[in-house]
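Fit chains B, C and D to the known structure of chain A by using the hints.
Residue numbers (numbering that gives the first Met the number 0), protein chains in the order written: chain A, 0 to 479; chain B, 0 to 479; chain C, 0 to 479; chain D, 0 to 479.
Just to be clear, a hint being listed does not mean it is correct.
You can't tell identical chains apart in this list, so a pair holds if it fits in one copy or across any two.
Claimed, not checked - 30 Å max Cα-Cα, derived DSBU-like pairs, lysine-lysine:
#, residue 1, residue 2
1, 170, 375
2, 356, 379
3, 251, 177
4, 319, 375
5, 380, 356
6, 331, 448
7, 319, 106
8, 319, 379
9, 356, 375
Calculated directly from the structure, the hints in this document are not laboratory data.
4 protein chains.
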Amino acid sequence: MEVASTETANLNTAVDDGRAEEGGRRPQHLDRLSFSPVQLPHLADYLPNLQTITNPLENSQFYHPSDEFYLSSSDVILRQTVLDLSGNFHSPSTSPHLSYPRAGPRKLIFFDPSHVRAAIVTCGGLCPGMNTVIRELVVGLWELYGVREIYGVKAGYRGFYSGEPVRLNPKLVHNWHKMGGTVLETSRGGFDLDKIVNGIQDRGFNQVYIIGGDGTMRGAVTIFNEICHRKLNVAVAGIPKTVDNDIGIIDKSFGFQTAVEMAQQPINAAHVEAESAVNGIGLVKLMGRSTGHIALHATLSSRDVDCCLIPENEFYLEGKGGLFEFLDARLKENGHAVLVVAEGAGQDMIPRTDAQKEERDESGNPVFLDVGGWLKSELKKWWARDHPDELFTVKYIDPTYMIRAVPANATDNLYCTLLAHSAIHGVMAGYTGFVCGPINGNYAYIPVKEVALAKNEVNTRDHKWAWVRSVTNQPDFGRS
Amino acid sequence: MEVASTETANLNTAVDDGRAEEGGRRPQHLDRLSFSPVQLPHLADYLPNLQTITNPLENSQFYHPSDEFYLSSSDVILRQTVLDLSGNFHSPSTSPHLSYPRAGPRKLIFFDPSHVRAAIVTCGGLCPGMNTVIRELVVGLWELYGVREIYGVKAGYRGFYSGEPVRLNPKLVHNWHKMGGTVLETSRGGFDLDKIVNGIQDRGFNQVYIIGGDGTMRGAVTIFNEICHRKLNVAVAGIPKTVDNDIGIIDKSFGFQTAVEMAQQPINAAHVEAESAVNGIGLVKLMGRSTGHIALHATLSSRDVDCCLIPENEFYLEGKGGLFEFLDARLKENGHAVLVVAEGAGQDMIPRTDAQKEERDESGNPVFLDVGGWLKSELKKWWARDHPDELFTVKYIDPTYMIRAVPANATDNLYCTLLAHSAIHGVMAGYTGFVCGPINGNYAYIPVKEVALAKNEVNTRDHKWAWVRSVTNQPDFGRS
Amino acid sequence: MEVASTETANLNTAVDDGRAEEGGRRPQHLDRLSFSPVQLPHLADYLPNLQTITNPLENSQFYHPSDEFYLSSSDVILRQTVLDLSGNFHSPSTSPHLSYPRAGPRKLIFFDPSHVRAAIVTCGGLCPGMNTVIRELVVGLWELYGVREIYGVKAGYRGFYSGEPVRLNPKLVHNWHKMGGTVLETSRGGFDLDKIVNGIQDRGFNQVYIIGGDGTMRGAVTIFNEICHRKLNVAVAGIPKTVDNDIGIIDKSFGFQTAVEMAQQPINAAHVEAESAVNGIGLVKLMGRSTGHIALHATLSSRDVDCCLIPENEFYLEGKGGLFEFLDARLKENGHAVLVVAEGAGQDMIPRTDAQKEERDESGNPVFLDVGGWLKSELKKWWARDHPDELFTVKYIDPTYMIRAVPANATDNLYCTLLAHSAIHGVMAGYTGFVCGPINGNYAYIPVKEVALAKNEVNTRDHKWAWVRSVTNQPDFGRS
Amino acid sequence: MEVASTETANLNTAVDDGRAEEGGRRPQHLDRLSFSPVQLPHLADYLPNLQTITNPLENSQFYHPSDEFYLSSSDVILRQTVLDLSGNFHSPSTSPHLSYPRAGPRKLIFFDPSHVRAAIVTCGGLCPGMNTVIRELVVGLWELYGVREIYGVKAGYRGFYSGEPVRLNPKLVHNWHKMGGTVLETSRGGFDLDKIVNGIQDRGFNQVYIIGGDGTMRGAVTIFNEICHRKLNVAVAGIPKTVDNDIGIIDKSFGFQTAVEMAQQPINAAHVEAESAVNGIGLVKLMGRSTGHIALHATLSSRDVDCCLIPENEFYLEGKGGLFEFLDARLKENGHAVLVVAEGAGQDMIPRTDAQKEERDESGNPVFLDVGGWLKSELKKWWARDHPDELFTVKYIDPTYMIRAVPANATDNLYCTLLAHSAIHGVMAGYTGFVCGPINGNYAYIPVKEVALAKNEVNTRDHKWAWVRSVTNQPDFGRS
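Next up, chain A with everything else stripped away, as it sits in the complex (with noise of 0.2 Å):
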């Protein structure tokens, strides 16, 4: 499971002829990219002399694969897009130029569809889509493949070990998608390797499908080594699930474009409720704990809001290129105020009991504090010092649940049915240990390993944020 050599930095950049300062020329030579193909776990590489058989999409009913149809492990998907020419500053340039493996139907598959037993579990928090993904995996398996075994695993991790698996079918899932949450319910923490290893064994499921987080995903790593160890003939595919948009490598996770789409309804309140007011500013939390992908999208497609402030940036209330000096000359102008905050933005700011500075999470992190209860709280202090004979308003809106609760939009639909089907052939093919996920727009294999790991900020030193903060024209905080 060896991600491949990467002697890289090899980009035969072009000479720049120097007048791109001034203003519009190009380089004139061709130029070369070398890329490295990443390696992908597969079952073989442990159980050497496991049977293959032909696909059987091979005698469907209805349609005839061609030669083009099934892919092979030399169709790969470049990971890196975005190139500097000259080599000089931006940082892409100079990172691997990797590519994944391209996520679809192989001809020949490593499982007989009559004995599998595959497995489905849901981990973490609501996310929009994990009801499709776990429909599709049923119809995926049972139409495409002629799987008949295939279970819900209840609640969680805790699943593999207590409790009873649901039998599922097409029939029974038929409308799951178009409901929110997880009809095989979810919960956090319950993660004992051994009792769920033994539980996959005792259970005897050889295909196991992970949709959870990032937390989830680690633990995916730990059970496929565990598999391995102990040479079972079962593979693990892992559904990245992450509101939040934080799992690196692929292009953005299911649910996140849902979840911006409802981010609207809540900004379009604080808009409404801030414009009716005298300065009237409305405040908006979003989900974003780590990263402010939400709130920077919602921001961006909304076009209502006057500042974004993501963990990502720093930012302070007080003085000059603070919060309030700016929020000061907006209400002059235009008498409201709309302000986004992801809610992992400001931890640090918002002092803490001592009891607060104890309180750990699952994780064993520190709890978050409400950033909007907080700036709130804050605004309206500054307000009355500032201003005591002014009317000042602020409506905080809090929207978590309705934003997560909501079945997936018709984009997200369909994201989760190709990401089911991809892992479905992956796994049928022999694959483990992976992760199915968009990378610039078409469907790779990723180890599981390397997105338990990757970590997708907004960079705010990179060109895009800074770029996207020109749109909405707001302070940077003294960031350049």
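Only chains B, C and D this time, still in chain A's reference frame:
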């Protein structure tokens, strides 16, 4: 404006070790990819002595652009990201590996904002997001660059020479992104090259932003050529608009996602009508004259559709493998079925009267007949013939205007925003004869000439379509 | 407009002091109103020795019914609430002042829940809320009265004698209120009195709940009569369903509000299409075969409609006061216009082929021609004739199925819930041959015979229509 | 402005024949109902020599008012429609049977439109539909009566004496009915009688339209009284606005239906969160300070709510019949439960700090504590104590601003439209000191004095509540 030489097939492919067919091995060697940067037309190409000034974003009160903020001509985006390392069969490996200039602000600009007179025009049919593009062109020019003379040209190309342009400013366009259609009005036809370019000169416009479909883009090419010919200091930027998503090179066109989202409503309605009847068929016609993207995406998003008919894939009604046989099976199995048909599908199958054979639309093409109405009638005839004593219902929905006349959803609003800002940055940097759009997720500049010719069809020979078809499990009418 | 004294009918009117003409004085005396309670059929009418038992709600674990909880036959609802004290001209004052029994639980019931076999059937076209009514009949019978044998009769009246009824329970119907259409399926026709009543007897049903339109209610009258004739201990309750809102006596039919809400979408789309074109006309056809309620309410809700055409008010196209003249004025004034037309409007104006003249629908009435398509064509001819050189666009939307195939909105869900519970309480109390529905905001029982005959038309002679017409400021085509 | 004498209980009740308890018989005699018309204040009450003119609607180009078009003072609407013919126990039979003047145009009016200067003001919190009312007041005055001087008073009552009113016209307000909030801005407080009436005089307003809640209506009474006292030729009309629906006499307040509709979203989200967890509780706080109408209607509309807590019905947590016992049972049965709580419920149960005991809102009442936060905390404590080893989740949603800051739905838009036109017709006819609103489905005029005092509470002693409670099957906490 030559696309640089492409001494191609520059893919040093790995030697496939022959085990791919056995299900899981991967190539061992690093691979190298050559690519050729696309050249973009620039005002300096024919006006060599233009002055440049420093980008006024430098003086923003609120943010402090770092060096990384500005892009140069060496920042490019790869077009091709899916590769077959074996170089054997899949088409991508043989196409030229082009790269396009990345969109974004340049440090030196070729327009003094105080001398800019910008014109914005919308042409052709409605598409979600047109008003957002207009709004953001106005707000971006005004807020980022300090342009104060911005005009809306009314009712399409003819507005350049008839009627008075409307002066626009941020206050006026404030809420336009929440409205469907185009406040500037639109029309088809009215393209009179001389009158248009004269109108541009007479009114003193030096930046022209043209929002329209492929016909409009072909017009933009002509306008651009004439402007070059006259050596006018006028930059022309196109913003491709096609709800059908049939424009090539760019990832997808704005409004397309909204249309797919909206298409879920009629599909749901058709599904409900079909399910509530005995042998009920729900039939939905979706936009897509020469391409089936909306139909295809809406089908994959919905999961309630039994069969999706698109122009790129011929179909037939009677006999083995035909539509009727398939529907017969579905009705027996489920008691109902849902059909989605793109408006351009099956045009050759519909009998035409002599008058209809002669009829031509504004562009000289045969007019489209209503494939939905025809299908409904054929379905009824078939049933009456084959099952005269059984109940049967076909409910046909044509939701065209309800889909395209809505405001953009969040995804498309963000898209339109970045599109407009991309166009502004490009024009201010002196580029001309270009369009902007996302390529593999990043915004790029593309010669309008290329886009006007590129057609984005659903490639039914490609792996992707085949795979997708396997998701819906629908007949392929003999395709393989 | 004399408000003359008139101790007419049963109205003891005040003496008007003659100052009405001066603008504001009022009668001084108390007035008296006679009214006559409507009699409701009861099983005891022809089965005099039925046993009663105490309502099992008495034994509820969770709530404790007080005496006020139960209604008696003396609880009634007045039908007429708008009066003209002068008694002179307005119609209300001369109609009989009826009262209807109030719906709700009775303390003594005529059915032993353990012996109940309830049948539920849906007939005719779809209407938002059908599934809610079914769900609540099931849940109410089960939870409130402990009934355990509840059956869904499939696909309309024919289901009583062909096919097998489906056993229903609360778990099964749990989410039905969130689904459009009817899970029980529906059909038109299939009314065979003998077979139906035999089917009821054969299957041992003793409570029959019939959900359907006016035709269905006339069928219910016949079934009820036959059951009386056979002296069967079978109660028949009707639940009037007509999305057109054309059933009389009750305030409005379920699903109607949802339809009006949904109709805003096509009207918005038509408005956007019209506004975005030069001389654009948006044309929307809304349901309403003999009555224009949906069109009228949707028009008043929208405020974007310039003219609303309904079956109750004849219109004409050409000449003074005609539609074309009006549209000409609107296009000159605003550049666009929106038309709403009820499907039953203008049927006499559309030319029919000989075949069409002969054609009859299932009920023997002439088939409806597409007034929208006809209007679109007439509009185009008119413009081409009168303004040959000007641009003109008509966009025609027929949203019928998209409006009626949706789930009920909150208002209608509540309505359907109370409707179903009303029906249950009435049937358990031994009433039969009745329907339930709100009269002046409170739920009442009404003999099905009355409702089957009552027609709810928009009274264009009435003050209300005139006033409403003044809101839209549209032409009245010579009406006064 | 006396409400005419009400020598009441004039109900000649039928003699119940004693068989009601046996389940089905009805009274035999006609019954008679006395009622007393309510008197409405009129400018002529203190300005006896006002001139009248013929309603300019007579001269409309488009429609031709018949005699029936105009209403007179003898057109009334009965308030009481539910009767107990036995006169025995139910409260309705003993209340006075009032009638109110019907709203609509009068043939003679007391204002010359060319001399009208109308002022519109919005006060208090946001409510869906405020902008529609404003829009329709402007459009109605302008289009129907030809009034040209219409002003929006900014930011509530204080706008009469500070700041400049905004001139309004139909073009300006064209799209306001599609926007939430109030474009005129609103505020609480600022009521200074002298300054307000002086401001009215100084600015020459002679029609004042006041949109606001019960506090605002009490202010309107005072303003009206002072105007009478000063004998000003100024008509005052109130338009009751309370999203809580806590104003009496009228059927329901505008915006209420929209709020109930919107409340389905958080309830759905809470339901999904609860269902997706192990022992999950979804908790939603809905508006309703002294009344539980939104909570109650939203509960009945949703059918996903297990228990609805409202201010009118006390509840308790611990012990037999308490909330915890009920939830325990539901969790055992279904694995999850959904709670809806009105913001004013349980205020006496929440412990207050000394500071909180002192705290008063702008009206001098004790501030409301967050019942949702308190319940969430109590639920967690209960579970930790009683089920320490079992998973448990409470998700709490406070959707307040997301519910009230939306535009009115179709039902409320129509309502607001008729409300505004009713107010205009009443004012033009010289009535003053009145509000308008629907009574039993028809629009009426009511003395503002009456409405300012009338409270619309959920009557938990009444049959209706009991019956409704039986629908939800929730505990009644000892009520009977």
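Verification of the supplied hints:
1. 170 with 375: between (49 Å within a copy, 28 Å between copies)
2. 356 with 379: both (25 Å within a copy, 21 Å between copies)
3. 251 with 177: both (21 Å within a copy, 26 Å between copies)
4. 319 with 375: Within one copy only: 20 Å inside a chain, 41 Å across chains, cut-off 30 Å.
5. 380 with 356: For residue 380 and residue 356, both the intra-copy (24 Å) and inter-copy (22 Å) Cα distances are at most 30 Å.
6. 331 with 448: Cα proximity of residue 331 and residue 448: none, with 52 Å in one copy and 40 Å across.
7. 319 with 106: Between copies only: 26 Å across chains, 64 Å inside a chain, cut-off 30 Å.
8. 319 with 379: Within one copy only: 19 Å inside a chain, 44 Å across chains, cut-off 30 Å.
9. 356 with 375: Answer is both; intra-copy 21 Å and inter-copy 22 Å each pass.
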